[in-house]
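**Q** Taken in order, the sequence shown gives residues 13 to 445; the numbers are from the working numbering.
By construction, these hints were calculated from the structure, which means they are not laboratory data.
You may find that some hints are simply not true.
[Stated by the list, open to error] Keeping only pairs whose Cα atoms sit at most 20 Å apart, straight-line, the calculated EDC-like set for lysine to aspartate or glutamate is:
#, residue 1, residue 2
1, Lys-220, Asp-67
2, Lys-218, Asp-286
3, Lys-147, Asp-188
4, Lys-220, Asp-396
5, Lys-147, Asp-67
6, Lys-283, Glu-242
7, Lys-78, Glu-96
8, Lys-147, Asp-209
9, Lys-409, Asp-358
10, Lys-156, Asp-119
11, Lys-112, Asp-67
12, Lys-291, Asp-237
13, Lys-136, Asp-152
14, Lys-78, Glu-389
15, Lys-283, Asp-212
16, Lys-426, Asp-358
17, Lys-218, Asp-358
18, Lys-168, Glu-48
19, Lys-220, Asp-114
20, Lys-78, Asp-114
21, Lys-312, Glu-398
22, Lys-53, Asp-171
23, Lys-291, Glu-242
24, Lys-220, Asp-330
25, Lys-220, Glu-389
26, Lys-218, Glu-398
27, Lys-312, Asp-396
28, Lys-112, Asp-209
29, Lys-218, Asp-188
30, Lys-391, Glu-80
31, Lys-156, Asp-188
32, Lys-78, Asp-64
33, Lys-400, Asp-379
34, Lys-400, Asp-430
[Claimed, not checked] What follows is a list of derived Cβ distance ranges for each label pair:
#, residue 1, residue 2, range
35, Val-262, Leu-184, 36 to 42 Å
36, Pro-269, Asp-131, 37 to 43 Å
37, Lys-409, Leu-113, 35 to 41 Å
38, Pro-269, Gly-172, 21 to 27 Å
39, Glu-388, Leu-88, 49 to 55 Å
40, Trp-445, Pro-117, 38 to 44 Å
All C-beta atoms, glycine included, are put in the ideal place defined by N, C-alpha and C.
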Amino acid sequence: MVVPFSLLPPCRVARLSALAVCAGFAAHTQAGGFIEDSTAKLEARTVYFNRDFRDGSTSSPQGASKREETAQGFILNVQSGYTEGTVGFGLDALGMLGLKLDSSPADSNSGLLPSTGSDPRRSKDQYAKIGVTAKMRISDTVLKYGALLPDLPLLKYNDGRLLPNMFNGAMLVSKDVNDLTIMASRLNRYTARDSTDPQDLRLNCKNKRYGCNITADHFNMYGLDYKVNERLTAQYHYAELQDIYRQQFVGLLANQPIGPGVLSADVRLLKSDDAGSAKASTIDNRALGAMLGYSLGGHKVSAGWQRMNGDTSMPYLDGSNPYLVNYLQVNDFANAQERSWQVRYDYDFKAMGYNGWSFMTRYVNGDNIKVVGRAEEGKEWERDTEVKYIVQSGTFKDLSLRFRNATYRTNYSKFARDVDETRLIVSYNLNIW
């Protein structure tokens, strides 16, 4: 049985829903913006996931030698317009359903499906969740409260499996000043991609860098993005996970025509320190990364460099993707004192007349890793390949087929596990209205 849940307490959802709907119908008699400007989109997503750890360990669900599952997901995104007047009100809803297509107890825990609870090796047949968001707009400033999908330098929601994870809280975004975007947010809960239960915010504990049960009451973010001109954008963001860490980000995005092509640059600096009562003990990290690319015709060649300075790895929220130039399909190359470099090649087959086809391959190599309890330096590398096709016309126009493959290797099994990974993703988006 599919049991939906809300990221907001039921009583609060009811109140916000009633207020927004009543305001919407009242405005509809005047302008109809709440209804007429609304949209509804449905994404059907089929995912096959295969991750082989190459080590034969089966002592626990987390230590299984392979994770292989197939599932079908549906994501319904309904967004209202705003009521008429100086202050406009609206209401959004995000409904998700996941269905098991193929899974076995020996190969579960892929991140596609939740476990049954009574048996951690057995995946549920189906699960569902819903997030509701109330919103208010004044001029070009929007305040949202409820379920959020943040896509920001210091918090990028994870959408790498069947269903995305969701965060709960409030977010204010203002674009009233030309070329300047101002952001402020306070989050207090999140729901993992393969879960229906809102959880306390917690520190990511990849490779046992930090404890896995370090939670916080809230996460605050503030940010400024300034478009200097058509070719240069500067960014500054600040975030703090209560009593765990504080983080600052400075970024530059630039592009410049050179010869027949375009040179692009993406520079990122993140400084992280422990905060408050320092629940995770000492946090001391400065992550510097840069990616340079040159585009010509359908080709793009890129090179990246990333360096971790300080005594610890870079911290980030569980359920999020770190904003690092060398964050790849499997690994983030964010270990203490790690140095890594990347080469990447992209090709859009439109240049050859094959519209809808694209290809990407990249390789990252990391070394100089400080591994706790080990004198020898840690080393690792990853190679990713992706082929994608989007149907251009006909009944299945915009149907997307994507093949993703990754190989990851390290020189120390207790530091991380080797991985051979394949993902097949079929996605179809339907505009309901």
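**Q** Now look at each hint and say whether the structure bears it out.
**A** Here is how each hint holds up against the structure:
With a C-alpha separation of about 19 Å, the suggested pair Lys-220 and Asp-67 falls inside the 20 Å cut-off, and the hint holds. In summary, the hint linking Lys-218 to Asp-286 is supported, as the alpha carbons are separated by about 18 Å, within the 20 Å threshold. With a CA separation close to 17 Å, the supplied pair Lys-147 and Asp-188 stays within the 20 Å bound. In summary, the hint linking Lys-220 to Asp-396 is not supported, as the alpha carbons are separated by about 24 Å, beyond the 20 Å threshold.
Distance hint between Lys-147 and Asp-67 is unfulfilled; the C-alpha atoms sit about 49 Å from each other, more than 20 Å. For the hint pairing Lys-283 with Glu-242, the CA-to-CA distance comes to about 28 Å; that exceeds 20 Å, so the pair is violated. Proximity of Lys-78 to Glu-96 is assessed by CA-CA distance (about 55 Å); at most 20 Å being required, the pair is judged violated. Proposed proximity of Lys-147 and Asp-209 is contradicted: the alpha carbons are some 23 Å apart, above 20 Å.
Simply put, Lys-409 and Asp-358 have alpha-carbon atoms about 23 Å apart, too far for the 20 Å limit, and the pair is violated. With a C-alpha separation of about 39 Å, the suggested pairing of Lys-156 with Asp-119 is violated against the 20 Å cut-off. For the proposed pair Lys-112 and Asp-67, the alpha carbon gap of about 26 Å is over 20 Å, so the pair is violated. Under the criterion of a C-alpha separation no larger than 20 Å, the hint pairing Lys-291 with Asp-237 is inconsistent with the structure, at around 31 Å.
Pair hint Lys-136 plus Asp-152 does not hold up; C-alpha atoms about 43 Å apart against a cutoff of 20 Å. The suggested pairing of Lys-78 with Glu-389 is violated, with an alpha-carbon distance near 27 Å, which exceeds 20 Å. At roughly 24 Å between alpha-carbon atoms, Lys-283 and Asp-212 are farther apart than 20 Å, so this suggested pair is violated. Of the supplied pair hints, the one linking Lys-426 and Asp-358 is violated, its CA atoms being roughly 34 Å apart against a limit of 20 Å.
The suggested pairing of Lys-218 with Asp-358 is violated, with an alpha-carbon distance near 29 Å, which exceeds 20 Å. Restraint check for Lys-168 and Glu-48: not satisfied, since their Cα atoms lie roughly 31 Å apart, outside the 20 Å limit. Annotation: proposed proximity of Lys-220 to Asp-114 is violated, straight-line Cα distance about 30 Å (limit 20 Å). Only pairs whose Cα atoms come within 20 Å are accepted, and Lys-78 paired with Asp-114 is accepted, the gap being roughly 14 Å.
Of the supplied pair hints, the one linking Lys-312 and Glu-398 holds, its CA atoms being roughly 14 Å apart against a limit of 20 Å. At roughly 17 Å between alpha-carbon atoms, Lys-53 and Asp-171 fall within 20 Å of each other, so this suggested pair holds. About 43 Å separates the Cα atoms of Lys-291 and Glu-242, which puts this hinted pair outside 20 Å; it is violated. Of the pairs offered as hints, the one joining Lys-220 and Asp-330 holds, with about 13 Å between alpha carbons and a cut-off of 20 Å not exceeded.
Proximity of Lys-220 to Glu-389 is assessed by CA-CA distance (about 17 Å); at most 20 Å being required, the pair is judged to hold. For the hint linking Lys-218 to Glu-398, the alpha-carbon distance of about 24 Å lies beyond 20 Å, and the restraint is violated. With a C-alpha separation of about 16 Å, the suggested pair Lys-312 and Asp-396 falls inside the 20 Å cut-off, and the hint holds. Between Lys-112 and Asp-209 the alpha-carbon distance is near 18 Å, which keeps this suggested pair within the 20 Å criterion.
About 39 Å separates the Cα atoms of Lys-218 and Asp-188, which puts this hinted pair outside 20 Å; it is violated. Restraint check: the Cα-Cα separation between Lys-391 and Glu-80 comes to about 27 Å, which exceeds 20 Å; the hinted pair is violated. Proposed proximity of Lys-156 and Asp-188 is supported: the alpha carbons are some 16 Å apart, at most 20 Å. Of the supplied pair hints, the one linking Lys-78 and Asp-64 holds, its CA atoms being roughly 4 Å apart against a limit of 20 Å.
Of the pairs offered as hints, the one joining Lys-400 and Asp-379 is violated, with about 31 Å between alpha carbons and a cut-off of 20 Å exceeded. At most 20 Å may separate the alpha-carbon atoms for a hinted pair to count; Lys-400 and Asp-430 exceed this at roughly 25 Å. Evaluation of the 36 to 42 Å hint for Val-262 and Leu-184 yields a failure: the beta carbon distance comes to about 21 Å. Checked against the hint of 37 to 43 Å, the C-beta distance between Pro-269 and Asp-131 comes to roughly 59 Å, which is inconsistent with it.
At about 25 Å, the beta-carbon gap between Lys-409 and Leu-113 misses the expected band of 35 to 41 Å. About 34 Å separates the C-beta atoms of Pro-269 and Gly-172, a value inconsistent with the hinted range of 21 to 27 Å. Here the CB-CB span from Glu-388 to Leu-88 is close to 51 Å, well matched to the stated 49 to 55 Å. Distance hint check for Trp-445 and Pro-117: the Cβ-Cβ separation is about 42 Å, which falls inside the suggested range of 38 to 44 Å.
Checked against the numbered hints listed earlier, the structure breaks hints 4, 5, 6, 7, 8, 9, 10, 11, 12, 13, 14, 15, 16, 17, 18, 19, 23, 26, 29, 30, 33, 34, 35, 36, 37, 38; every other hint is satisfied.
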